[in-house]
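> Those protein sequence lines, which keep their order, are chains A, B, C and D.
The opening position of the first sequence corresponds to residue 1 in this note's numbering, with each subsequent residue numbered one higher.
The opening position of the second sequence corresponds to residue 1 in this note's numbering, with each subsequent residue numbered one higher.
The opening position of the third sequence corresponds to residue 1 in this note's numbering, with each subsequent residue numbered one higher.
The opening position of the fourth sequence corresponds to residue 1 in this note's numbering, with each subsequent residue numbered one higher.
Treat the hints as calculated values from the structure; they're not laboratory data.
Wrong hints could be hidden among the right ones.
Copies of the same chain look alike in the list, so a pair counts if it works inside one copy or between any two.
[Said to hold, decoys possible] List of simulated lysine-lysine pairs, DSS-like, C-alpha gap at most 30 Å:
no.	residue 1	residue 2
1	K115	K61
2	K123	K88
3	K115	K21
4	K61	K123
5	K88	K21
6	K21	K123
7	K88	K61
8	K88	K115
There are 4 protein chains.
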Amino acid sequence: MQISSEIKANYYMNFETVNLKLQVRPNDLDSLGHVNNAIVLEYLEAGRWSWLERHNLARGKRIIPVVARIEINYSREILPGEVNIITKLMDVEENYHYQVIFHQFVETCQDGIVKVAADARVKVAFIDSVERTLRTLQDFLDENTQQHG
Amino acid sequence: MQISSEIKANYYMNFETVNLKLQVRPNDLDSLGHVNNAIVLEYLEAGRWSWLERHNLARGKRIIPVVARIEINYSREILPGEVNIITKLMDVEENYHYQVIFHQFVETCQDGIVKVAADARVKVAFIDSVERTLRTLQDFLDENTQQHG
Amino acid sequence: MQISSEIKANYYMNFETVNLKLQVRPNDLDSLGHVNNAIVLEYLEAGRWSWLERHNLARGKRIIPVVARIEINYSREILPGEVNIITKLMDVEENYHYQVIFHQFVETCQDGIVKVAADARVKVAFIDSVERTLRTLQDFLDENTQQHG
Amino acid sequence: MQISSEIKANYYMNFETVNLKLQVRPNDLDSLGHVNNAIVLEYLEAGRWSWLERHNLARGKRIIPVVARIEINYSREILPGEVNIITKLMDVEENYHYQVIFHQFVETCQDGIVKVAADARVKVAFIDSVERTLRTLQDFLDENTQQHG
Numbered sequence: 001m002q003i004s005s006e007i008k009a010n011y012y013m014n015f016e017t018v019n020l021k022l023q024v025r026p027n028d029l030d031s032l033g034h035v036n037n038a039i040v041l042e043y044l045e046a047g048r049w050s051w052l053e054r055h056n057l058a059r060g061k062r063i064i065p066v067v068a069r070i071e072i073n074y075s076r077e078i079l080p081g082e083v084n085i086i087t088k089l090m091d092v093e094e095n096y097h098y099q100v101i102f103h104q105f106v107e108t109c110q111d112g113i114v115k116v117a118a119d120a121r122v123k124v125a126f127i128d129s130v131e132r133t134l135r136t137l138q139d140f141l142d143e144n145t146q147q148h149g
Numbered sequence: 001m002q003i004s005s006e007i008k009a010n011y012y013m014n015f016e017t018v019n020l021k022l023q024v025r026p027n028d029l030d031s032l033g034h035v036n037n038a039i040v041l042e043y044l045e046a047g048r049w050s051w052l053e054r055h056n057l058a059r060g061k062r063i064i065p066v067v068a069r070i071e072i073n074y075s076r077e078i079l080p081g082e083v084n085i086i087t088k089l090m091d092v093e094e095n096y097h098y099q100v101i102f103h104q105f106v107e108t109c110q111d112g113i114v115k116v117a118a119d120a121r122v123k124v125a126f127i128d129s130v131e132r133t134l135r136t137l138q139d140f141l142d143e144n145t146q147q148h149g
Numbered sequence: 001m002q003i004s005s006e007i008k009a010n011y012y013m014n015f016e017t018v019n020l021k022l023q024v025r026p027n028d029l030d031s032l033g034h035v036n037n038a039i040v041l042e043y044l045e046a047g048r049w050s051w052l053e054r055h056n057l058a059r060g061k062r063i064i065p066v067v068a069r070i071e072i073n074y075s076r077e078i079l080p081g082e083v084n085i086i087t088k089l090m091d092v093e094e095n096y097h098y099q100v101i102f103h104q105f106v107e108t109c110q111d112g113i114v115k116v117a118a119d120a121r122v123k124v125a126f127i128d129s130v131e132r133t134l135r136t137l138q139d140f141l142d143e144n145t146q147q148h149g
Numbered sequence: 001m002q003i004s005s006e007i008k009a010n011y012y013m014n015f016e017t018v019n020l021k022l023q024v025r026p027n028d029l030d031s032l033g034h035v036n037n038a039i040v041l042e043y044l045e046a047g048r049w050s051w052l053e054r055h056n057l058a059r060g061k062r063i064i065p066v067v068a069r070i071e072i073n074y075s076r077e078i079l080p081g082e083v084n085i086i087t088k089l090m091d092v093e094e095n096y097h098y099q100v101i102f103h104q105f106v107e108t109c110q111d112g113i114v115k116v117a118a119d120a121r122v123k124v125a126f127i128d129s130v131e132r133t134l135r136t137l138q139d140f141l142d143e144n145t146q147q148h149g
């Protein structure tokens, strides 16, 4: 199915910020009783899957999103309870090219006060799993739109 | 604070079955796209923590509950989505002694149909973390009741 | 390629006990500083992969080994350091049928003394990933032998 | 025990680059069969523990090293096998202050060729676990030296 570039642009502009609530699990804690720094990356990945799902984008067809770089600040300890993962796409203009950057936050709520415990920038590239070459966000979107079209 | 054995028995008889809903996370999946068998034990542990919390029991004071044995049947694959962990205490009579057995289930819901994906019996002993000796469930309950009393 | 049942039987009888050394990782520890009970199942899975590899058996072709049941006893705490995972196939006679049982041990070494920290019986079934039916160990071996033959 | 600043400086200058070999475990793999990006942070943490151990530094006394920020590039997929984690301290001069930066690499070896699969800069701060204030690297070293002195 062919889609005009005008419609594609509209589609793209409408990406939403997505919130995901997760329960901290006992195994997420390190020997100090705080969520371990590696586990926070698991939370972020859950957030990005939730973002893909909200936008009807598949994780694993021929073109696969792959994490290329992460910058993450850990500003507060995360204790047992519930966390909120916020995921949004950054840098709209450049994102039509070979990589996108997600801005993600992990929020905790202690005594009714919401605080950011970690914030990250996650650079994602798109790999053609057959040819093993880089593809663009637009290629990734097209592949998904065609399936649902 | 002294508690009569009558009250203790009542307290004990009222243990509830506790349900916990958890999101499956991307890192829980193995290379087949199903939740890995080891991760299911993490779900069960989250269920037992939830059970302790519901009954106002601490996880880590001087007397610590420790897993001594697990028997688990994996009857269905668990896919991305939400799982429900059901935790109840078995074998009331014998449980006043040196170990208790939890009966736990992991349920999934696909297309509105709830199915048991795994069921387990988890034997828990109580260790005195200072003397490193075995203690009874009653000792564990007493320690917790005294704190709140 | 056809293999006579005599050769198949010989092949089968020669399964070895396989040892795998693993480093305990910081994230394996719970808030008490011991290896968590769910992580021990990860160690066992690493042991079974090592066992398959030693016998030139693939993990994921059409017929896939799937864990159906685990019984595990946790007899000692596992601390940071190295563990040894021992994996052997049990119950030779019955194992030609629809499931096999692995007997596995996790050993630690403290001050030069080797101790069993956990022992498990892991029941594995063989699933045809296309037809989603049960297959036998012999089917699984045949598929692998044909590839290498 | 008092240590002159001259000796402290020598001690500090002698920090070594530390290598740690780890086995990739089945549970480290995502649904594509590659080591997941969050797991790579577990490898790095194992590398830093190994670095501390080599220098006779404790992980958890009163002053605790805490990860404040990570920048990581994922340049190649990591497959089942063995990885090598290289850990070294960066930025010697500034490191006497309130945080240090570790430079870490994850190397894989395929067909005899060593390749860097990930490289990271990990910023670590030192927290006084009683007063919950920031401390310096020197405070952390002093606490450890006093114990062994």
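> Hint by hint, say whether it matches the structure.
Taking the hints in turn, this is what the structure says about them:
no. : hint       : in the structure
1   : K115 - K61 : between (36 Å within a copy, 28 Å between copies)
2   : K123 - K88 : both (12 Å within a copy, 25 Å between copies)
3   : K115 - K21 : both (14 Å within a copy, 24 Å between copies)
4   : K61 - K123 : within (19 Å within a copy, 33 Å between copies)
5   : K88 - K21  : both (15 Å within a copy, 26 Å between copies)
6   : K21 - K123 : both (22 Å within a copy, 28 Å between copies)
7   : K88 - K61  : within (22 Å within a copy, 38 Å between copies)
8   : K88 - K115 : within (18 Å within a copy, 33 Å between copies)
Of the numbered hints given earlier, the model fails none.
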